[in-house]
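Novice: First to last, the protein sequences are chains A and B.
First residue of the first sequence? That's 1 in the UniProt record's numbering, and the numbers climb one at a time after it.
First residue of the second sequence? That's 1 in the UniProt record's numbering, and the numbers climb one at a time after it.
The hints are all genuine.
Quick list of the computed label-pair ranges, beta carbon to beta carbon:
| id | chain 1 | residue 1 | chain 2 | residue 2 | range |
| --- | --- | --- | --- | --- | --- |
| 1 | B | 71 | A | 59 | 39 to 45 angstroms |
| 2 | B | 138 | A | 248 | 56 to 62 angstroms |
| 3 | A | 245 | B | 42 | 28 to 34 angstroms |
| 4 | B | 123 | A | 110 | 35 to 41 angstroms |
| 5 | A | 160 | B | 66 | 36 to 42 angstroms |
| 6 | B | 51 | A | 115 | 38 to 44 angstroms |
| 7 | A | 56 | B | 44 | 57 to 63 angstroms |
| 8 | A | 91 | B | 108 | 54 to 60 angstroms |
| 9 | B | 50 | A | 58 | 51 to 57 angstroms |
Keep in mind that the hints were calculated from the coordinates and are not lab data.
Note that the coordinates shown come from a computational prediction; the quantities given were computed from them, not determined experimentally.
C-beta atoms are modelled at their ideal positions from N, C-alpha and C, and glycine is treated no differently.
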Amino acid sequence: MKLHEVLEIAMEAGEILLRNGAETYRVEESITRICNAYGHSCETIVLPTGIFLTVYSSGHESETSVRRIKVRTLDLTKIDRINSFSRKISSHPLPYEEAKKELEEIKALKYYPVPLQLIASTVASFAYALIFEGGLTDGIIAFAIGGLLYLLNLFMVKSGYFPFLIYFVIGFFSGFISMISEFFIPNSNAYIIIISSIIMFLPGVAMTNGIRDLLAIDTISGLTRLGEAFLTVLALGMGVWLAISTAHYII
Amino acid sequence: MRVFLSFFATLCHAISLNTDRKNLIWAGLSGTIGMLINDRLMAMFPNAALMAVFLGTAAVSVYSELMARVRKTPATIFLIPGIIPLVPGVDAYRTIQLIAEKDYTAATSYGVAAIAKACLIAFGIMTVSAVFRKINRAKRTRKEPSGP
Chain A
1 MKLHEVLEIA MEAGEILLRN GAETYRVEES ITRICNAYGH SCETIVLPTG IFLTVYSSGH
61 ESETSVRRIK VRTLDLTKID RINSFSRKIS SHPLPYEEAK KELEEIKALK YYPVPLQLIA
121 STVASFAYAL IFEGGLTDGI IAFAIGGLLY LLNLFMVKSG YFPFLIYFVI GFFSGFISMI
181 SEFFIPNSNA YIIIISSIIM FLPGVAMTNG IRDLLAIDTI SGLTRLGEAF LTVLALGMGV
241 WLAISTAHYI I
Chain B
1 MRVFLSFFAT LCHAISLNTD RKNLIWAGLS GTIGMLINDR LMAMFPNAAL MAVFLGTAAV
61 SVYSELMARV RKTPATIFLI PGIIPLVPGV DAYRTIQLIA EKDYTAATSY GVAAIAKACL
121 IAFGIMTVSA VFRKINRAKR TRKEPSGP
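If we strip away everything but chain A, and leave its shape as in the complex, we get:
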């Protein structure tokens, strides 16, 4: 296989991984594994916002490519698939066309449909309300607000707002509606509703990946991701704070 073809396959696989929320060391390992499988050595640096990759041939040739990644989403299925793809390639190297086709297939994998995700986030909010020792009333209100926040998030992500602004708005809405419903509906606790509706937006992925990157001595990526997690929590918390202090004046 030609040098630029190896470069393309490895880069494509790396991009799918990074784009969908894989840890930095996993991206680097997969890229290296793919290049080695085709008999080339490579050197790669992966940051949360881009990939640098140089592939060397056995002679003195080398090819380099840089890819900037701007939008990042979460899709654990794709990470899983690319992971097994890179393992498969390292035992039986596929020819270029087939590997390319397989990557395209993985790229085209769909999310769960929106209604199912909506149901998932409402049911999760309901369950968390009961876990945090709320009553059935809290559960039902959290169920409704969880759905509302999911739709709000979906809309704002589609319109392409800045992520931390989205979290701030979500925190504010959750806090404000909960405070209002605590005032109007008896037997409801605003704090249980707020926590259980917001919990789906906590940066679990950023935190877990940040720790795992730090363990792999990817200091830049680790600190960046932990910083991202911290800022997300801060944005949510500030939104809730603003809502509570506003509600204290109104009600």
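Keeping the supplied structure of chain A fixed, place chain B upon it in accordance with the hints.
Specialist: Chain B in isolation, oriented as in the chain A frame:
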């Protein structure tokens, strides 16, 4: 009951992270295990909330790393939704509420508890992952001479 609920909550969280269908149930179980350990410890030692969170997270991490070997997928698939029920949401909320009410002394004690629990979740994951990485590396170096 809480254990049962945490299964559903974690499962739903896994759906929103778009986990593969065949791993959903196993992802749900990881939340259950964390919750179970956390609740048991809280019942036995009511004053050791920090230890309960730490061991709960460690249990989730061990489960995730083992399932990653069994199901041949990245451990994060089980780890991320599993730790969410252990997040100190109540403490964090109380902190913000007390700050809003200008009761800074009480806010500090809740705030410190929330930060400590969040850090212990991080260290719980870190401890277990570090041990498993070490085991992995030992395996890999042993294999190397026979490989190409």
